[in-house]
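Student: Same order as they appear, the protein sequences are chains A and B.
Under this note's numbering, think of the first position of the first sequence as 677, with each following residue one higher.
Under this note's numbering, think of the first position of the second sequence as 677, with each following residue one higher.
Simulated from the structure, these hints should not be mistaken for lab results.
Nothing here was measured: the structure is a model prediction, and the numbers come from that model.
Don't take each hint at face value.
When the alpha-carbon atoms are kept at most 30 Å apart in a straight line, the in silico DSS-like pairs for lysine-lysine are as follows [claimed, not checked]:
id, chain 1, residue 1, chain 2, residue 2
1, B, Lys692, B, Lys724
2, A, Lys724, B, Lys739
3, B, Lys692, B, Lys798
4, B, Lys724, B, Lys739
5, A, Lys798, A, Lys724
6, B, Lys798, B, Lys739
7, A, Lys798, B, Lys739
8, A, Lys692, A, Lys724
9, A, Lys739, A, Lys798
10, A, Lys692, A, Lys715
11, B, Lys724, B, Lys798
12, A, Lys723, B, Lys692
13, B, Lys715, A, Lys798
14, A, Lys724, B, Lys715
15, A, Lys723, A, Lys692
16, A, Lys798, B, Lys692
17, A, Lys692, A, Lys798
18, A, Lys715, B, Lys723
19, B, Lys715, B, Lys739
20, A, Lys739, A, Lys724
21, B, Lys715, B, Lys692
Distance windows between CB atoms, simulated [stated by the list, open to error]:
id, chain 1, residue 1, chain 2, residue 2, range
22, A, Thr885, B, Arg732, 37 to 47 Å
23, A, Gly916, B, Leu718, 52 to 62 Å
24, B, Thr885, A, Asp740, 54 to 64 Å
25, A, Gly916, B, Pro888, 21 to 31 Å
26, B, Phe839, A, Ala957, 36 to 46 Å
27, B, Gln900, A, Tyr843, 43 to 53 Å
28, A, Leu945, B, Ser773, 27 to 37 Å
29, A, Lys724, B, Arg732, 38 to 48 Å
All C-beta atoms, glycine included, are put in the ideal place defined by N, C-alpha and C.
Protein chains: 2
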Amino acid sequence: MKKEKRKGTAARPFGKRIAALQRSAGSLLCVGLDTDPQKLPLHLRGKKNGVLEFNRRIIEATKDVVCAYKINFAFYEVLGRDGWGVIERTRGLIPPSVHAIADAKRGDIGNSSSYYAAAILKTMDFDSVTVAPYMGRDSVEPFLQYDDKGVFLLALTSNEGAFDFQYRTGGRRRLFEEVVSAAQQWNGARNLGFVVGATKSADIRAVRTLAPDAPFLVPGIGAQGGSIDDVVRYGSTADGYGVLINASRSVLYASSGRDFADAARAECLRLNAAIGAARTAHAR
Amino acid sequence: MKKEKRKGTAARPFGKRIAALQRSAGSLLCVGLDTDPQKLPLHLRGKKNGVLEFNRRIIEATKDVVCAYKINFAFYEVLGRDGWGVIERTRGLIPPSVHAIADAKRGDIGNSSSYYAAAILKTMDFDSVTVAPYMGRDSVEPFLQYDDKGVFLLALTSNEGAFDFQYRTGGRRRLFEEVVSAAQQWNGARNLGFVVGATKSADIRAVRTLAPDAPFLVPGIGAQGGSIDDVVRYGSTADGYGVLINASRSVLYASSGRDFADAARAECLRLNAAIGAARTAHAR
Numbered sequence: 677m678k679k680e681k682r683k684g685t686a687a688r689p690f691g692k693r694i695a696a697l698q699r700s701a702g703s704l705l706c707v708g709l710d711t712d713p714q715k716l717p718l719h720l721r722g723k724k725n726g727v728l729e730f731n732r733r734i735i736e737a738t739k740d741v742v743c744a745y746k747i748n749f750a751f752y753e754v755l756g757r758d759g760w761g762v763i764e765r766t767r768g769l770i771p772p773s774v775h776a777i778a779d780a781k782r783g784d785i786g787n788s789s790s791y792y793a794a795a796i797l798k799t800m801d802f803d804s805v806t807v808a809p810y811m812g813r814d815s816v817e818p819f820l821q822y823d824d825k826g827v828f829l830l831a832l833t834s835n836e837g838a839f840d841f842q843y844r845t846g847g848r849r850r851l852f853e854e855v856v857s858a859a860q861q862w863n864g865a866r867n868l869g870f871v872v873g874a875t876k877s878a879d880i881r882a883v884r885t886l887a888p889d890a891p892f893l894v895p896g897i898g899a900q901g902g903s904i905d906d907v908v909r910y911g912s913t914a915d916g917y918g919v920l921i922n923a924s925r926s927v928l929y930a931s932s933g934r935d936f937a938d939a940a941r942a943e944c945l946r947l948n949a950a951i952g953a954a955r956t957a958h959a960r
Numbered sequence: 677m678k679k680e681k682r683k684g685t686a687a688r689p690f691g692k693r694i695a696a697l698q699r700s701a702g703s704l705l706c707v708g709l710d711t712d713p714q715k716l717p718l719h720l721r722g723k724k725n726g727v728l729e730f731n732r733r734i735i736e737a738t739k740d741v742v743c744a745y746k747i748n749f750a751f752y753e754v755l756g757r758d759g760w761g762v763i764e765r766t767r768g769l770i771p772p773s774v775h776a777i778a779d780a781k782r783g784d785i786g787n788s789s790s791y792y793a794a795a796i797l798k799t800m801d802f803d804s805v806t807v808a809p810y811m812g813r814d815s816v817e818p819f820l821q822y823d824d825k826g827v828f829l830l831a832l833t834s835n836e837g838a839f840d841f842q843y844r845t846g847g848r849r850r851l852f853e854e855v856v857s858a859a860q861q862w863n864g865a866r867n868l869g870f871v872v873g874a875t876k877s878a879d880i881r882a883v884r885t886l887a888p889d890a891p892f893l894v895p896g897i898g899a900q901g902g903s904i905d906d907v908v909r910y911g912s913t914a915d916g917y918g919v920l921i922n923a924s925r926s927v928l929y930a931s932s933g934r935d936f937a938d939a940a941r942a943e944c945l946r947l948n949a950a951i952g953a954a955r956t957a958h959a960r
């Protein structure tokens with residue numbers, strides 16, 4: 677596995693690192709490797725290494741047109757103990773030029789949290805990880821202690837259930853705003869980003885106001901109906917970067933045939949063009 | 677792995693199943709298998725199957741004096757891909773008479789949630805799982821669809837960070853109360869229980885009032901300082917069951933020598949006696 681060189685000084689803040697990565701990749705696109713064993717092309721379905729082979733082809737075909745891959749652990753854990761090996765091997769296929777996100781949504785108290793962090797950020801050497809905020813500060817800080825790594829804390833998620841608690845108001849602020857404000861006071865906040873769903877576009881702006889420099893991982897375009905234009909308009913940092921726009925199904929299953937990898941690349945290029953148009957329209 | 681027989685009719689509510697199990701076990705005690713590779717007795721430390729062997733000895737020595745084991749995934753995931761195998765094999769060592777809890781604190785949107793649920797409740801055949809509530813209804817319901825299984829939803833956790841968001845008030849209720857109330861309206865709520873930390877004893881009563889029949893998984897006695905007496909007094913259901921009182925470190929590391937399993941059993945007996953005394957004192 678790759679190992680970023682420590683330079684003896686503290687790494688730059690997470691937002692600066694993501695901006696530099698996006699600038700050099702020429703893309704704000706993150707491809708979600710939510711690889712569903714039941715949706716593999718027929719020639720790979722049911723094969724022993726089908727999921728890994730699928731991921732390998734997707735990564736080879738798209739690695740020069742994306743800035744990040746996001747590996748959703750649920751789709752691998754369902755494979756049982758082999759699944760963990762597939763996560764490790766898929767992560768190993770992601771080149772150093774592309775940001776590798778562990779979409780694991782972990783969260784536990786201090787001691788357990790430290791082990792989850794070590795498993796994902798050290799042993800598997802992911803560049804960042806998604807973490808749930810419900811258990812508060814001491815459940816998140818252990819993930820923030822890795823100098824050259826990042827955390828995307830769940831703030832406002834793209835699903836319907838987001839309305840159950842995240843929008844709950846207490847005093848002047850909604851819960852997701854409270855999470856964003858509080859977290860920026862925690863130890864290691866320079867390594868902090870947020871998950872902000874594209875389906876809640878009016879509120880992406882609220883999060884950006886509270887966290888001007890933090891990178892946002894933005895799921896919910898494509899199948900879930902979020903608007904690329906809104907995400908770029910309301911989510912970008914002042915320098916025009918800082919949103920990692922995730923697409924999963926629309927890329928992975930662009931074709932169900934043997935040409936799936938070429939079709940995935942074509943879909944990435946289409947998304948890059950749409951993102952590029954939005955960036956031009958809303959350049960500050 | 678064991679397979680509970682489906683009886684053709686829906687399983688009883690989770691609370692009834694837990695009460696029956698506790699009655700026949702003669703114990704409310706849950707032992708947390710938070711097995712730390714760095715804290716193994718010297719003769720097992722660094723050995724290839726050290727953690728599994730440790731768990732085997734602990735389970736053999738305590739399985740007739742507890743009602744549940746709780747496997748904290750963080751301590752296994754830190755072992756890398758082997759860790760997942762150790763979880764599976766440890767789970768296989770737990771006899772059908774004892775409830776097997778996957779303390780995994782998962783939570784993601786519908787599709788991913790379904791796969792996490794399948795991995796834990798179907799493939800690994802755990803009896804229940806801990807789930808985080810932040811993402812709301814559609815992130816939890818997939819876990820509630822297994823008729824003879826249960827979910828412990830995080831309500832009020834035992835750590836300091838619980839004060840960051842869980843106590844946040846909006847209108848008349850605090851967030852943890854809102855979580856408990858809302859969740860009971862969700863599909864599959866008959867399979868629902870809650871995590872309620874022993875360190876917040878005054879508020880265990882508030883949760884019990886809102887959820888009279890749900891089982892509570894209660895961490896935080898022992899090292900964290902929660903009171904067994906308060907947990908029994910404020911947490912029990914009307915029939916005197918319904919709290920699974922978890923102890924981890926005080927049992928696992930009762931001795932650091934070769935007698936660790938005997939010492940663990942002795943600590944379980946001591947805890948059972950303390951719980952029994954509290955039950956007698958507060959019998960209704």
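Student: Taking the hints in turn, state whether each one holds.
Tutor: Hint by hint, here is what the structure shows:
About 40 Å separates the Cα atoms of B:Lys692 and B:Lys724, which puts this hinted pair outside 30 Å; it is violated. Taking the CA atoms of A:Lys724 and B:Lys739, the gap is near 37 Å; set against the 30 Å cutoff, the hint is violated. Simply put, B:Lys692 and B:Lys798 have alpha-carbon atoms about 21 Å apart, close enough for the 30 Å limit, and the pair holds. A hinted pair counts as satisfied when its Cα atoms are at most 30 Å apart, and B:Lys724 with B:Lys739 qualifies at roughly 24 Å.
Our distance criterion of 30 Å between C-alpha atoms is met by A:Lys798 and A:Lys724, whose separation comes to about 28 Å. Of the pairs offered as hints, the one joining B:Lys798 and B:Lys739 holds, with about 23 Å between alpha carbons and a cut-off of 30 Å not exceeded. For a cut-off of 30 Å, the pair hint linking A:Lys798 to B:Lys739 is broken: about 35 Å separates their Cα positions. A hinted pair counts as satisfied when its Cα atoms are at most 30 Å apart, and A:Lys692 with A:Lys724 does not qualify at roughly 40 Å.
Of the pairs offered as hints, the one joining A:Lys739 and A:Lys798 holds, with about 23 Å between alpha carbons and a cut-off of 30 Å not exceeded. For the suggested pair A:Lys692 and A:Lys715, the alpha carbons sit about 37 Å apart, so the restraint of at most 30 Å is broken. Restraint check for B:Lys724 and B:Lys798: satisfied, since their Cα atoms lie roughly 28 Å apart, inside the 30 Å limit. Between A:Lys723 and B:Lys692 the alpha-carbon distance is near 43 Å, which puts this suggested pair outside the 30 Å criterion.
Taking the CA atoms of B:Lys715 and A:Lys798, the gap is near 20 Å; set against the 30 Å cutoff, the hint holds. Of the pairs offered as hints, the one joining A:Lys724 and B:Lys715 is violated, with about 37 Å between alpha carbons and a cut-off of 30 Å exceeded. Restraint check for A:Lys723 and A:Lys692: the C-alpha separation of about 41 Å exceeds 30 Å, so the hint is violated. Restraint check for A:Lys798 and B:Lys692: not satisfied, since their Cα atoms lie roughly 43 Å apart, outside the 30 Å limit.
In summary, the hint linking A:Lys692 to A:Lys798 is supported, as the alpha carbons are separated by about 21 Å, within the 30 Å threshold. A distance of roughly 40 Å separates the Cα atoms of A:Lys715 and B:Lys723; the hinted pair therefore is violated under the 30 Å criterion. For the given pair, B:Lys715 sits about 22 Å from B:Lys739 by alpha-carbon distance, which is consistent with the 30 Å threshold. Pair hint A:Lys739 plus A:Lys724 holds up; C-alpha atoms about 24 Å apart against a cutoff of 30 Å.
Annotation: proposed proximity of B:Lys715 to B:Lys692 is violated, straight-line Cα distance about 37 Å (limit 30 Å). For A:Thr885 and B:Arg732, the Cβ-Cβ distance of about 54 Å falls outside the hinted range of 37 to 47 Å, so the restraint is violated. Range check, A:Gly916 to B:Leu718: about 57 Å between beta-carbon atoms, so the 52 to 62 Å window is met. Checked against the hint of 54 to 64 Å, the C-beta distance between B:Thr885 and A:Asp740 comes to roughly 59 Å, which is consistent with it.
Separated by about 55 Å at the C-beta atoms, A:Gly916 and B:Pro888 break the suggested range of 21 to 31 Å. B:Phe839 and A:Ala957 have their C-beta atoms about 44 Å apart, which keeps the hinted 36 to 46 Å range intact. Distance hint for B:Gln900 and A:Tyr843: a CB-CB separation of about 32 Å, inconsistent with the stated range 43 to 53 Å. Between A:Leu945 and B:Ser773 the beta carbon distance is about 58 Å. The supplied range of 27 to 37 Å is therefore violated.
For A:Lys724 paired with B:Arg732, a C-beta distance near 30 Å fails the hint of 38 to 48 Å.
Hints 1, 2, 7, 8, 10, 12, 14, 15, 16, 18, 21, 22, 25, 27, 28, 29 from the earlier list are contradicted by this structure; the remaining hints agree with it.
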